[in-house]
Amino acid sequence: LTNNLVESAVFSEVENLNMETAAFHAAYGVDQSKTGHGISAEEVGSVLDKSSGEESTVVGRDNAKNGPDKIVKGNPVQCKFCKTAGSSVSACFKKNPETGQMEYRYFDIKSGNPMKVEVPADQYEKAVEAMQKRILNGQVKGVTDPDKATELVRKSKLTYAQAKNLAKAGTFESLTMDTATGVINCSFA
Numbered sequence: 001l002t003n004n005l006v007e008s009a010v011f012s013e014v015e016n017l018n019m020e021t022a023a024f025h026a027a028y029g030v031d032q033s034k035t036g037h038g039i040s041a042e043e044v045g046s047v048l049d050k051s052s053g054e055e056s057t058v059v060g061r062d063n064a065k066n067g068p069d070k071i072v073k074g075n076p077v078q079c080k081f082c083k084t085a086g087s088s089v090s091a092c093f094k095k096n097p098e099t100g101q102m103e104y105r106y107f108d109i110k111s112g113n114p115m116k117v118e119v120p121a122d123q124y125e126k127a128v129e130a131m132q133k134r135i136l137n138g139q140v141k142g143v144t145d146p147d148k149a150t151e152l153v154r155k156s157k158l159t160y161a162q163a164k165n166l167a168k169a170g171t172f173e174s175l176t177m178d179t180a181t182g183v184i185n186c187s188f189a
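Here the sequence shown stands for residues 1 to 189, numbered as in our numbering.
Listed next, the in silico DSSO-like pairs over lysine-lysine satisfying Cα-Cα at most 27 Å (straight line):
id: 1; residue 1: Lys155; residue 2: Lys95
id: 2; residue 1: Lys157; residue 2: Lys126
id: 3; residue 1: Lys155; residue 2: Lys83
Label pairs and their computed distance ranges (CB to CB):
id: 4; residue 1: Glu55; residue 2: Gly138; range: 27 to 37 Å
id: 5; residue 1: Glu54; residue 2: Gly100; range: 34 to 44 Å
id: 6; residue 1: Glu98; residue 2: Gly74; range: 27 to 37 Å
id: 7; residue 1: Pro97; residue 2: Gly67; range: 12 to 22 Å
id: 8; residue 1: Lys73; residue 2: Lys148; range: 17 to 27 Å
id: 9; residue 1: Thr57; residue 2: Glu151; range: 15 to 25 Å
id: 10; residue 1: Asn96; residue 2: Ser52; range: 35 to 45 Å
id: 11; residue 1: Glu54; residue 2: Ala161; range: 19 to 29 Å
id: 12; residue 1: Phe93; residue 2: Ala121; range: 14 to 24 Å
id: 13; residue 1: Thr57; residue 2: Gly112; range: 13 to 23 Å
The set of hints was computed from the structure by calculation and includes no laboratory data. Glycine included, every Cβ here is placed at the ideal spot set by N, Cα and C.
Start from the sequences and build out the full structure, keeping to the hints where you can.
If you want it as structure tokens, here you go:
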């Protein structure tokens, strides 16, 4: 009787996972963004954060303008998975229409401090250098010390190639994503 109950609970959770996956792909699949890998990186990155003991929740599904993609250890994080480190950092800036100057656009609405930006693991060092240059150019409001770039740039647990593969059906990363999510969901059953 106990084996039947466990088997039933597992099948129920797998069916729930399939529904969540279908809803995710309908709302955030490749058809809904340029590449789909940034959104997949947010979702899987949050799972990997949790598996390493960090409290992490994806909140970017609401598409709030300049809002966080996820909350990690109580801090808002914007995720940028562009082709190069420079592009990932550049995507965090916009031109001020009044001054014509480039400005950092992601701020924590509670504290007013700049939000962290998560970049692919293999881009981290160059992204920190790019952020340092932006700070030195006065493009990050309230930050003048270029050494603070390490506090603004967060290293993802995924590389750019892994993030790209998450959005492709049949790749090791996309299969691992489903398995990792399933394991976590099933652990609560």
